[in-house]
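In case you want the letters, here they are:
There are 2 protein chains.
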Amino acid sequence: MTEPVTLKTVAKHAGVSYQTVSKVVHNQGQISPALRQRIQKSIDELGYRPNAAAQALRTHASHLIGYSWSLERKDHSSFILDQFQHDIVEDAEDAGYHILLVPRRTEHDVDSHFRELVKARRVDGFILSSIEYNDPRIESVARLKVPFVSFGRSHTSDATACVDVDGRAGIAKAVHHLIDSGHRRIAIIAWPDSSRVGNDRLAGYLDVMSDAGLPVEPAWIVRGTGETEYGYSAAQQLLAIPEPSRPSAIVTVLDSIAMGAMQAVETCGLIVGRDIAVTGFDDMPTTRHLKPGLTTIRQPIREVARAVLSLLLAQVNGEQSVVQPLMLSPELVIRESSQGYGHVDHEKGALSTVTA
Amino acid sequence: MTEPVTLKTVAKHAGVSYQTVSKVVHNQGQISPALRQRIQKSIDELGYRPNAAAQALRTHASHLIGYSWSLERKDHSSFILDQFQHDIVEDAEDAGYHILLVPRRTEHDVDSHFRELVKARRVDGFILSSIEYNDPRIESVARLKVPFVSFGRSHTSDATACVDVDGRAGIAKAVHHLIDSGHRRIAIIAWPDSSRVGNDRLAGYLDVMSDAGLPVEPAWIVRGTGETEYGYSAAQQLLAIPEPSRPSAIVTVLDSIAMGAMQAVETCGLIVGRDIAVTGFDDMPTTRHLKPGLTTIRQPIREVARAVLSLLLAQVNGEQSVVQPLMLSPELVIRESSQGYGHVDHEKGALSTVTA
Chain P
1 MTEPVTLKTV
11 AKHAGVSYQT
21 VSKVVHNQGQ
31 ISPALRQRIQ
41 KSIDELGYRP
51 NAAAQALRTH
61 ASHLIGYSWS
71 LERKDHSSFI
81 LDQFQHDIVE
91 DAEDAGYHIL
101 LVPRRTEHDV
111 DSHFRELVKA
121 RRVDGFILSS
131 IEYNDPRIES
141 VARLKVPFVS
151 FGRSHTSDAT
161 ACVDVDGRAG
171 IAKAVHHLID
181 SGHRRIAIIA
191 WPDSSRVGND
201 RLAGYLDVMS
211 DAGLPVEPAW
221 IVRGTGETEY
231 GYSAAQQLLA
241 IPEPSRPSAI
251 VTVLDSIAMG
261 AMQAVETCGL
271 IVGRDIAVTG
281 FDDMPTTRHL
291 KPGLTTIRQP
301 IREVARAVLS
311 LLLAQVNGEQ
321 SVVQPLMLSP
331 ELVIRESSQG
341 YGHVDHEKGA
351 LSTVTA
Chain F
1 MTEPVTLKTV
11 AKHAGVSYQT
21 VSKVVHNQGQ
31 ISPALRQRIQ
41 KSIDELGYRP
51 NAAAQALRTH
61 ASHLIGYSWS
71 LERKDHSSFI
81 LDQFQHDIVE
91 DAEDAGYHIL
101 LVPRRTEHDV
111 DSHFRELVKA
121 RRVDGFILSS
131 IEYNDPRIES
141 VARLKVPFVS
151 FGRSHTSDAT
161 ACVDVDGRAG
171 IAKAVHHLID
181 SGHRRIAIIA
191 WPDSSRVGND
201 RLAGYLDVMS
211 DAGLPVEPAW
221 IVRGTGETEY
231 GYSAAQQLLA
241 IPEPSRPSAI
251 VTVLDSIAMG
261 AMQAVETCGL
271 IVGRDIAVTG
281 FDDMPTTRHL
291 KPGLTTIRQP
301 IREVARAVLS
311 LLLAQVNGEQ
321 SVVQPLMLSP
331 ELVIRESSQG
341 YGHVDHEKGA
351 LSTVTA
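Line by line, the protein sequences give chains P and F. Those letters in the first sequence? Residues 1 to 356, by this note's numbering. Those letters in the second sequence? Residues 1 to 356, by this note's numbering.
Just chain P, same shape as in the assembly (with noise of 0.2 Å):
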């Protein structure tokens, strides 16, 4: 790397103080114009461009956000992280700054690390995602006074500014559809209590049931942690109820789940769609090109990513911030996979998309 032109060498291309330049540079202090002139031509003619360290030293500002999602190395990929990245950087970039990863790792001192960051004023503010209940992010961050959103809610962040996708609301939507497609006896796969994303989304479940005067049978409700492979036990197990409580239908929480029950329900020799009703959640696109088609919950990504740094944005600029939780509607997309009950006039295989 050649020497950094500095405003030492700008200086002394010029002919002036180093301090004459600076006050050039920073617009403070009376000088003339002629000599202003002077000193940004050889600032052209140099190159010379303000370190960015130098301009977060001056204005106690990095242009940076930390963005803190769990480590954990899943052996699954991330779809809906993944997108929210992706967006994140977009729409930070084009306002001017940059995301520093900050991963959480459960084996290192999560205060510390925040704490190291802030203080060094590394970032201006934080970005969490991967929330779960009494998430120590949360409290850590809260307790250092930065700016910082979180995408989804922890159990203790009523007053944190917060961005969500309402998965209970999805997810009762995806078991209305299937109410109005004639079932009634629906089974849910879903995740362990610990979960806080996998109680919202059985509680869509039970809402609708208990609306719709529909009884839920305890066996209908299998909880546990996996994706394809736990999908496809799950609905064995399902499958494997005795007549007349054998589900019709079952609403799995996550599209690879739903996957592993389309291939328990095949495996038992029936069709998926005509038969027993399967949907998912994420509208992943390796599922959604199965056939038969899968009906899915699709969360608003873009929208999320957005709004959480535009609220991060008003709280570094000093602005009044929104503390509660925004939460965001995601759609229902039926495809064939809920479609075969009662109403078997879709071509077959046809990948007929409704969004609701």
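What the hints contain is simulated information worked out from the structure, not anything from laboratory work. Watch out, some of these pointers could steer you wrong.
Just so you know, same-sequence chains aren't split out, so a pair can sit in one copy or run between any two.
To be verified - Derived lysine to aspartate or glutamate pairs resembling DMTMM-like cross-links, with alpha carbons at most 20 Å apart:
no., residue 1, residue 2
1, Lys145, Asp111
2, Lys119, Glu229
3, Lys119, Glu45
4, Lys119, Asp44
5, Lys12, Glu45
With the hints as your guide, set chain F onto chain P.
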């Protein structure tokens, strides 16, 4: 945010000059042990920490690494890049660095984007991924004479530090395995010739077929873009080839393409693994638990990330660095999708995973 503790605060607290504190903090000049102790006590009591921006100004090192990848909002989850980002973030943190996201946005002037970051001394170096033929980023960053390492080879990057996975060797392993299993008519579903990665993988197929003296029919090489849907239609095309030319095995360059191919085989009333062998690439978790399990090629991403970071830090620290591309070998993971031909002695449904 409370007023930060600065050198001045420490000086006032210790009753000494700003310069004296600075000497202690930066280990410069002669300070008596008693005075040093007194100042250190003030530093500890006040919790003073040198500011990152100030340190960056002094040392000309930001301890930030720019990570550039393609920001196209791909309609699929990039499992490999997820793992890569995960691993470089973790390794960078261990080495005292943070990762700054510097996406490649096609609509922007790549050159000025990188130049700004370097001129502002925002980053100490770059990691580039999603490398394609004649990638403009390689030339831009090389011209700036800053440390950088790419994950993936570019056409023009002979003399730059780069780490890549040997996709050619990977596909070669899959084809060898199919030949060893008794297959002779082996087809491939590949990518267009504009894809650097795709050409590399296709070369591995052609190498082994030629070495084994097996003829390759033009109709056995399908090239196109897409994932599951593309795999489905490409396999349909291959299965429509009349006997005796119809392939008994289909190699694909991506797991989700293999997934579509497996669906097409089943739609034809054939059984994957028994009637037609199918192989993938990446060992994606979603396809890992398919029935039958997918034989695939696993990329050593953990090792790629480690090599990329260590090559980069060697450059940052002014050590001599390797400029020959560092090639890492992927491994073959054998599951049921390729095992039915000639030997059916494995238990049906069991996940017998063998790595070669």
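Right, here's what the structure says about each hint:
no.	hint	verdict
1	Lys145 - Asp111	within (13 Å within a copy, 37 Å between copies)
2	Lys119 - Glu229	neither (45 Å within a copy, 51 Å between copies)
3	Lys119 - Glu45	between (37 Å within a copy, 15 Å between copies)
4	Lys119 - Asp44	between (35 Å within a copy, 14 Å between copies)
5	Lys12 - Glu45	within (13 Å within a copy, 42 Å between copies)
Violated hint: 2 only; the structure is consistent with all others.
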